[in-house]
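Enquirer: The task is simple: from the sequences and hints, build the whole structure.
Protein chains: 2
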Amino acid sequence: MPQRGLILFAHGARAASWAAPFERLRDMTQARMPDARVALAFLELMTPQLPELAAQLVADGVAQITVVPVFLGQGGHVLRDLPLLLEQLRQEHPGVAFQVAGAVGEDPTVLAAMTDYCVNAAGDAA
Amino acid sequence: MPQRGLILFAHGARAASWAAPFERLRDMTQARMPDARVALAFLELMTPQLPELAAQLVADGVAQITVVPVFLGQGGHVLRDLPLLLEQLRQEHPGVAFQVAGAVGEDPTVLAAMTDYCVNAAGDAA
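Line by line, the protein sequences are chains A and B. Per numbering that gives the first Met the number 0: the first sequence ends with 125, consecutive numbering throughout. Per numbering that gives the first Met the number 0: the second sequence ends with 125, consecutive numbering throughout.
If you're looking for bench data, these hints aren't it; they were derived computationally from the structure. Each residue gets a CB set at the ideal place from its N, CA and C atoms; glycine is no exception. One should not assume that every hint holds.
[Stated by the list, open to error] Incomplete in silico selection of chain B near chain A, CB under 10 Å:
1) Met27
2) Ala30
3) Val37
4) Gly60
5) His76
6) Val109
7) Ala112
Expert: Structure, rendered in structure tokens:
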């Protein structure tokens with residue numbers, strides 16, 4: 000069976016510190032999916048970027064790739080940039096099945112965890 | 000006792016759809032803290048922005064404000080822009096206690112929920 004790939008797709012930033020939670024997310028997800036290839040790609044300002052990472056996974060034999068936008072909301076990056084990138088990927092790698100999940104921040108469980116965090120943050124300040 | 004305020008501070012985007020999860024987060028947090036004033040402010044591209052919203056809360060009698068950066072990571076917006084904004088707020092509103100929480104995306108429980116989401120997203124595509 001061909002290996003599955005999971006690409007966590009994040010924005011990127013100039014500050015190196017910005018990548019830390021995404022790297023933790025990648026490591027935690029990889030630990031839960033030892034048979035899959037879990038990797039982190041950026042839209043801009045950080046590397047690897049999505050086309051480069053996808054090409055590497057394909058070269059390594061991954062034939063089914065799910066892209067998870069690690070974005071809080073559906074802005075232009077998720078609504079416009081990502082579909083264009085996916086269209087290019089599907090043209091460049093016609094033998095590979097690409098799927099795209101919804102933005103992480105739209106997930107009800109993630110929203111519930113963020114709510115807990117906000118409530119606790121207010122309590123700490125009381 | 001003066002009313003407490005909680006400001007969820009998000010980036011903002013050109014696409015109106017981007018605000019939806021932040022509005023849900025605000026509503027869910029407000030429901031858990033009925034005695035506090037919970038509001039949403041943006042760094043750019045959307046309104047209200049932080050100085051404007053904080054001034055409104057202060058005018059309404061809120062004397063203790065916690066700002067929660069609803070950002071996934073600590074990039075320049077959280078590390079540089081937000082401290083500058085807070086410095087201005089403290090100068091403009093010397094009688095108000097401002098506190099700043101860490102970025103939402105750095106919270107272990109939020110990260111765990113995002114991990115679940117990524118693992119499930121890969122499973123759905125299988």
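Enquirer: Each of the hints needs a verdict: does it hold here or not?
Expert: Cross-check of the supplied hints:
no.: 1; hint: Met27; verdict: holds, 4 Å
no.: 2; hint: Ala30; verdict: holds, 9 Å
no.: 3; hint: Val37; verdict: holds, 8 Å
no.: 4; hint: Gly60; verdict: violated, 17 Å
no.: 5; hint: His76; verdict: holds, 8 Å
no.: 6; hint: Val109; verdict: holds, 5 Å
no.: 7; hint: Ala112; verdict: holds, 4 Å
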